[in-house]
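Chemist: What follows is the residue order along each chain.
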Amino acid sequence: MHSLPILSLTIWLPIIGGVAVLGSGDKAPNTSKWTALAVAVVTFLVSIGLWTGFDAGTAAMQFVERSPWIESFNVYYYLGVDGISMPLIILTTFVTIFVIIAGWEVIQYKPSHYMAAFLIMEGLMVGVFSALDAILFYVFWEAMLIPMFIVIGVWGGPNRVYATIKFFLFTFFGSVFMLVALIYMYFQAGTFEIVASQSGLPSFHGLRLGMTEQILIFIAFLLAFAVKVPMWPVHTWLPDAHVEAPTGGSVILAAIMLKIGGYGFLRFSLPIAPDASASLDWLIIAMSLIAVVYIGFVALVQQDMKKLIAYSSIAHMGFVTLGFFIVFTILAKDTATSNGVLGISGGMVQMVSHGFISGALFLCVGVLYDRVHSREISAYGGVVNTMPLFGAFVVFFAMANAGLPGTSGFVGEFMVILASFQADFWYAFLAATTLILGAAYTLWMVKRVIFGPVANNKVAALKDANGRELFVLGSLAAAVLVLGIWPAPLVEVMDVTIQNLVQQVAVSKIPDAVGPTVAAVQF
Amino acid sequence: MTNIYLTIVLAPLIGAIIAGFFGGRIGRAGAHWVTILGVGISTLLSLYVVKRFVFDEQEVFNGAVYTWMVADGIRFEIGFLVDKLTALMMAVVSFVSLMVHIYTIGYMADDEHNWPKDSLAGRNGYQRFFSYISLFTFSMLMLVMSNNFLQLFFGWEAVGLVSYLLIGFWSVRESAIFANLKAFLVNRVGDFGFILGIAAIAMYFGSLDYREVFDMAADPARGFADKEIDLFEGVSVMSLICILLFVGAMGKSAQVPLHVWLPDSMEGPTPISALIHAATMVTAGIFMVARMSPLYELSETALSFVMVIGATTAFFMGLIGLAQNDIKRVVAYSTLSQLGYMTAALGASAYAAGIFHLMTHAFFKALLFLAAGSVIIAMHHDQDIRNMGGIRKYMPYTWITFLIGTLALIGFPGFSGFFSKDAIIEAVNASQVGGSGYASVLLTIGVFITALYSFRLYFIVFHGKERMDEHTRHHLHETPAVVWVPLVLLAIPSVFIGWITIEPVLFGDWFKDAIRVAPEHDVLAHLGEHYHGQWAFVLHGLTAAPFWLALAGFIVAAYVFWHLFSKDPQIEEKLRGRVAWFYRMLDRKYGFDDFYQKFFAAGSRGIGRAFWAGGDQAVIDGVLVDGSAKTVGRFAQLARKIQTGRLYNYAIAMILGLVVLQAIFVVF
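As you go down the protein sequences, you meet chains A and B in turn. According to the numbering used here, the first sequence is numbered sequentially starting from 1. According to the numbering used here, the second sequence is numbered sequentially starting from 1.
It should be emphasised that the hints constitute simulated quantities derived from the structure, not laboratory data. Certain hints may be false.
Only pairs whose alpha carbons sit at most 30 Å apart, straight line, appear in this in silico BS3-like list of lysine-lysine [as the list claims (entries may be wrong)]: (1) LYS393(B) x LYS227(B); (2) LYS630(B) x LYS166(A); (3) LYS27(A) x LYS110(A); (4) LYS393(B) x LYS567(B); (5) LYS463(A) x LYS117(B); (6) LYS574(B) x LYS589(B); (7) LYS227(B) x LYS512(B); (8) LYS567(B) x LYS465(B); (9) LYS630(B) x LYS641(B); (10) LYS458(A) x LYS117(B); (11) LYS641(B) x LYS166(A); (12) LYS51(B) x LYS512(B); (13) LYS333(A) x LYS227(B); (14) LYS574(B) x LYS465(B); (15) LYS333(A) x LYS110(A).
Here chain B stands alone, though its shape is the one from the complex (with noise of 0.2 Å):
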């Protein structure tokens, strides 16, 4: 199996090696062939290893390739843990970047257009686009299949430059380069607790291997479970890890505070949105913190914290996202809230159901992201929601596609998103940790917010009056096939891997050697006792508060986004005047953006400008250096006055030091 592990790998990244190196040789459909390829090598492995592990009882898989170095007794190496957990992320983030693939040969077929005529950074700029989401998939498979924490940093670096580099692809805007500085500093403030946390693991645990590490903090012999640290009273061990290491899940995931960069990271390409900041990257987090899952049982301090982080996260990411106006802005918030759902059952002990809603979020936001942007490509790069309306007419398969992806978002019952957001709600609803009353308020009414605006966008997008100017409307059409089929192929799995894959990974034993939880915590492991088959669970959903909650977001965004705002365009805007000063809030997102860019950003360069202007140029040089060398001048313009050249001045000064001389005999 490790040739095909490798493999699943190395393909990938053979394929960006050769689009990005070659690129100009070997063309655009070269680049675009020799990188589907490898993905689709990646894929089809995958799917097989999956169905290894559900077929074949595929055993276990942990072990080293190489050893990267051996320092102070500390083997450092780079290896593969595959297991259940391991399989169906790989499977997912294959499956998903092999869409993106296909559907960014129609997406960036005109790229030529968005760089200016004489710039030669856009002159390759297809086969390097395909050369950076290969590399992307050669990360992620990296960070998934690690069997260590130092590899599992290096897939976490690897991902952030590549997101770095696709955020700012379009390097002559500035706002494309802003966006991507800002998403690898905040990133990094993120990697700076992971990596204190992964310093932690070194120093109490002795090693940096996933299983040596768990088995060590299993073992009641070592006592991690109730072992302090001196450094700060009263928190154990366990808290400082977990909290470290989140610190870093917060950072990828893009929890609050640390979601700034999510927003604006949409000024990428469209399939990176889907991909990267949709589907995989930004849920390495929740990745993480599942297969962190024997650490984190043994702190409930630390999952408190991340099922507060979580649920906030949920909810009032989800409130911004009604104040959007751009469409890919509102999928993006979506997406921040949805990281939220999934935090939250970490939180609760559910990672099953946190993964479980990964992978069906995966596939329905992905699908929404690309809808969108074959919106956009039909609209000619225009983004803005109010320039739309009454496109399902014209592009018939991105609007069914993209209304399964809203069901499945908003929990329609029998869809993917369903099944994972109501055993999550469930779940952080029986849970006992602290703030789990907290978490569980916001979660259900998030639903309400979710239903609100996924069918606001829905219906101002598709429904309604057309805005957009004739030049527009007269070119609008549907998106080329490799468009839509990727939509088609993603749209299946939005509405049916729910339903097929629960009752495995939620209530059966798929997780069972990959996720260890602790039985006071184990709140699936209740749900389970009563659930009774997918019809039963949909039909317990139907009589929950999270399904009336959907249905009346669902009924106040037609009412509102369909039914008033086809007589009034104006509506929205009469409406938010009532609540200015909420609107307001969302409108500047809480604050953060102002208090981050003022505070962080411009002190930090004040402190710098203190530091160059008061401590190295006036201290130091000013005061010591040159300050010093003045001091000689000074002391060498008094000794000339010395050097007279008069011999008596000279004799004189014998005379005396000879004296002096004498008595400090004479004396001692």
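So here's chain A without its partners, still in its complex pose (with noise of 0.2 Å):
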């Protein structure tokens, strides 16, 4: 045990300096301004601690903080951190700071409020990264969507009403079918803890469950964790709330907010119901593969940059999803070299790579839009003759989207090609074609806004990014450019939680069974 509770204080920190710095009013704005950046980035230092106290040799939980909340539900206050959450929760305090800093002058309206909600957001996702009791975890997992409908509601577009809406009806239809899991869980292990029981009583993991509740538990989660990716075809909701979301409100939106969905996947279908996901992974590949295509084209299209940026998003998602559910081929077959962790594992690396490269593009996109108030791709034009250095950037996130090696956006889409080939050839075909897709529309865009003839008298009015726009995005390119040149700190520290997560899939929950999964029912 660590004498400092170091995931408490993750996530307490920023909860409780938003609460002061909401407290304190805009009386005086810039205090609350630079108090909220020392919160910001005081819990990423602490934060991390979690990385350099990390054991990556094991796969039980570390950091673990337990104590009895509710006791009359056997309800309890327990935290730990394994490969898995880790990398996750030290991405949601690394980018929270560059969003505090990315809000600096643009908000006028109440910004101690703004702040304050990202603090709060940042305290409960890393909450719901950590969190390992089930209702703590549904807890958080709600909580957190106060803020951020908050945030589109106050300082969003004008039609904010029905994206906000539209936002929390997606999110919230999808949780409600994953409490009822959670409790039906809870009345068949006595205990809400997900992992690493203490009680005594057996963990969510630990459960075996016949393949009719499997399937049930696995779609109830299903509802949930696709609307949270999003996944085809619960996917709408996102560019809509894009497009109306203030700047650091869509940064978190695609940097955290959908890796929650992927977290879930990791974290509760495949350990917790591995028979039902062995039995519906071609749902799950097939959805991801949709994304992957579909998605791509309908991005080609798009007219407003955030929209075109959120459809990518998804679509680069789709690699993640992919990755997770091919294990489950790959373990079937005999002639393939890898045991499935290579996807699980591309999946991760592209989770953290896309918080990076998305919310850098969401920047790149607000920058322009505090200047010129638009973001229709035909506004632009030529505005590297007026912003050279910020067209370097754009140029740069842009080719890290498209996933040119060298960046990190490369490292998660290779190792899930790589591993889908082993699953099918048809897979990896369907993936690979984001290099052509991903490379149109990315590199369309920056044609149409960057280059060529300056296009407009706005255009010719532009000012380059200033110095605090300029930290932001170098920051963030720094992370893209470490990751996708060494990207190994980051497999290594998650590689034995991996393995670990095959062998458990591999192995069938219910009852009786001895052996590997099965994949009973066939559709």
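Both chains are sitting in their own frames, so use the hints and assemble them into the complex.
Modeler: See below:
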């Protein structure tokens, strides 16, 4: 046990800090901004302790904190991280800093409330990633929506009411089914512990469930997580939410919130219902590949930069779910040289990388929007003539989005394509179309916005990115480069956890069954 | 040696970083000096490496620099494999790059005229250009020095990135940013196949390390030679892998039907046309296939495929060169055609001949491009050959060096191109692989076409009437020494490199460690039995068909484009009128561009709109989301009617409910 409760600090520091910033109000906006920044930076520094103190040699939960919360229902305040959740927590604390800085001069209306919303959201999201008790998880999961709802609703664009309601209904629709599943499992297990039970009762991961139960639980989780990721066809809330959200909201939405869906598949769906996952993997794979191809085409014809990047996010998240669910096909094949770890690792790397890249791209759109107040591609042209430094960053992040080797965008896609080839040639074939489609929609936008002669007077009057903006973009660019040139540290820190996960999903959970996962239900 | 290899790749990278990030501070001279220094170091050290291989029996180096990652039992590494194939490529790449760096000082000297006055993008354009070409040199060296497929793909995409940046260097020109997007996307189509090929290797070999993969492929116990896959009936694993990898090469080395980007890439400044789009990057595909010779030897299907694609490119792209009037585009189609020759050589298992032609071509084609650029400078950036003529009087160095390049290109006996092209044609003649008859005919006739378009260009530009306007003629003069000295330095190897190196490279054991050829495919060994020194080779060449075809091409060109043309500049138009259908076909480039534009570009936008409007907006949002929201609304309307607020309504409902419940209890 660690003497310092790092996880609790990472959760509560920003929440308490956020409340304090909120309380300080807008009488001295600079003080509240600096306080918010200080809180975000300190939280990040604290969370670094998770990385440095992490033992990559074990799949067990680390930095565990556990104390009773609602004893009559066996609910615990139970936290811990493994190789899957730890990188996502650091991603959260890292990105939040830049969201705070990006809103610095731009947010004129109640800046302290804006900053506070993001700090509170940060704490809640870290809570989602570290909760090991299902009720605690569910509370964080739902609570996290509230600040985002407010951010879009208060600082959003003209059509924000439609967008917020759509966002809320979609996500809420998914999560009620998850709640039912969690309660059902509580009745089976007698505890809400998701993993690593300390109460002597079987944790959710330890439960043996029949095929029908697994299928129902799997579908309940799928509804919750597929909306979050979002997967085709429950993705249409995302472009609307992005378009209406202020820049910071888009960044957090794309960089962190979508990852919570992917995280859910790894923490709940796969280990709790491996047999159902194996039976229904074709469904997820099909939805993922449709996301890559279909959404790639849809992204191509978008006129609004934010919508384009939003659709691009959906296509990139398709790689995440594809990487997660090809594991069963690979395990079933005796010709494969992989054991499925590559796909899941690739999906994880893709999540982290997408956090940097899509966050940076939304920030880039924000830089332009702050100056011209338009997100339409046709409102721009030849921006590089007046904003050369900014133009260089856009081209860099666009290349990263197109999966150029040397950037983080390549690593995850490469791993997933390699892994999906092991599962099926046609999976890899369809997934690899992203090389063409991803480059087409991203670089075509770059061509129309950044390159060319100066299109109009507004572009001619643009001022290049200022120091604050360059700092934000530069930091994210550094992250994208480091992860692209040397992904080994990230991959290694996850490796044992993912290997353990693969071993777990390879074994059937059906009562009395011994041996490998069975795909009993054939459709 | 590790430190030397590291220095060779890192010196240009450091130069690129300094010139790129601190270009404003160090100024123009600072930028070109720092990058020339970096590339100069690479060149000297590369030549030193070659020297060690030639004279000091240098051992092959194969080692990792660092581990990129380890996942699922596969080690992904960054590392170098330096054997004689690599050494040759390193020397060619760094030397041509150095020449281009020096030349660029002159070519880009007045770059500010290419930008609108108030464009900030053009402000440090000179420095940025040097940064890009040094970055390119780094990427290309990483590509050729790689010891694994991952790093190969890194270099592969990195050179593509720099190519994209440089084709679109003058980003205010619509034609330039159209061309660079097109180049990147067409290359991505190739990379699509390439990455699937790499994935196939990872699956079947469980490794991405060249040495391990090649050893496994050669091991009869593993039986890769005739392993079938269940996916496609009758296709062997090796055929699938090799063809997928070759699709990547078709993109990068601009083979039909993925060639369409290369002519458009001429929108970039001329120095990069010479460096990237003639001498080095476009030959990456040739290098890759030669490097993978242990794999290609296991699939005759793939070899046939390679040979047919190569020969088709060589012949039909050369023909288009006849119909072009832009000085750079003629040379670009010539490059396509020559890349086809190299590819055909690979298909005949004459990998050494392909690499040999790659080397000689790198020198003479870089020379031709740079000389063309010299003409373009003197012509104030007018590239239309119909406005030129008689330039030899004004630009003696450019004239002579261009002539040397042309002679090397058409294979004038004794010049470097003669040896390499003759070897390719002989090798394809001797090959037994399917399609070799077709390839052999096209490549042989191609020699005539090559001579015809080359001398057409030469006579129209340098001889005949001076057709430029008075102002241009008045200013016409030889370009400064930074421009013509690199021409001379490239002209020297264009003449001699073939003579010097044919023996070890083609018929000796220079590539013994690097290239594996199955005995039944080994056409070069067969040719080597009849090889008795350079003189005999030249004399034999004088009696063979290619020489007479080249001579015929020269004579036709001289008659039409020198003799007739100087009397009547309209002669070409008249001649074309007689074969109008043929000319129109060439002018439209066989319709590839139109087809791609309509079918792929417009087609995918159409699909995108259909998916978006029909799928996302109509079905998902319209029916499912907003539709269900409306349905809920309608139910709510109904439910509201039940909530009447009248007590007797509720009472009736309660009684009915009780009755129903009791009935249920009674029945069950």
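Chemist: Taking 30 Å as the top limit, are the C-alpha atoms of LYS630(B) and LYS641(B) close enough?
Modeler: holds, 17 Å
Chemist: Run the distance test for LYS630(B) versus LYS166(A): straight-line Cα separation, threshold 30 Å.
Modeler: Cα-Cα ~13 Å, so holds.
Chemist: Are LYS333(A) and LYS110(A) close enough, with their CA atoms no more than 30 Å apart?
Modeler: It is violated: about 58 Å lies between the C-alpha atoms, which goes past 30 Å.
Chemist: For the pair we were handed, LYS333(A) and LYS227(B), check the Cα-Cα distance against 30 Å.
Modeler: Holds, at roughly 17 Å.
Chemist: Under the criterion that the straight-line Cα-Cα distance not exceed 30 Å, is the pair LYS393(B), LYS567(B) satisfied?
Modeler: holds, 19 Å
Chemist: Checking one constraint from the list: CA of LYS227(B) to CA of LYS512(B), max 30 Å. Satisfied?
Modeler: Distance of about 27 Å is within 30 Å: holds.
Chemist: Mind checking the alpha carbons of LYS574(B) and LYS465(B) for me, to see if they're no more than 30 Å apart?
Modeler: Between LYS574(B) and LYS465(B) the Cα gap is close to 18 Å, so the pair holds against 30 Å.
Chemist: Given the proposed pairing of LYS458(A) with LYS117(B), does the C-alpha separation stay at or below 30 Å?
Modeler: holds, 17 Å
Chemist: With a cut-off of 30 Å on the C-alpha distance, tell me whether LYS463(A) and LYS117(B) pass.
Modeler: Distance of about 17 Å is within 30 Å: holds.
Chemist: Given the proposed pairing of LYS567(B) with LYS465(B), does the C-alpha separation stay at or below 30 Å?
Modeler: Given that 30 Å is the threshold and the Cα spacing comes to 8 Å, the pair holds.
Chemist: Given the hint that LYS393(B) pairs with LYS227(B), test it: the Cα-Cα distance must not exceed 30 Å.
Modeler: Violated. LYS393(B) to LYS227(B) sits at ~64 Å, over the 30 Å cutoff.
Chemist: Quick one, are LYS27(A) and LYS110(A) close enough, alpha carbons at most 30 Å?
Modeler: holds, 10 Å
Of the numbered hints given earlier, the model fails hints 1 and 15; all others are met.
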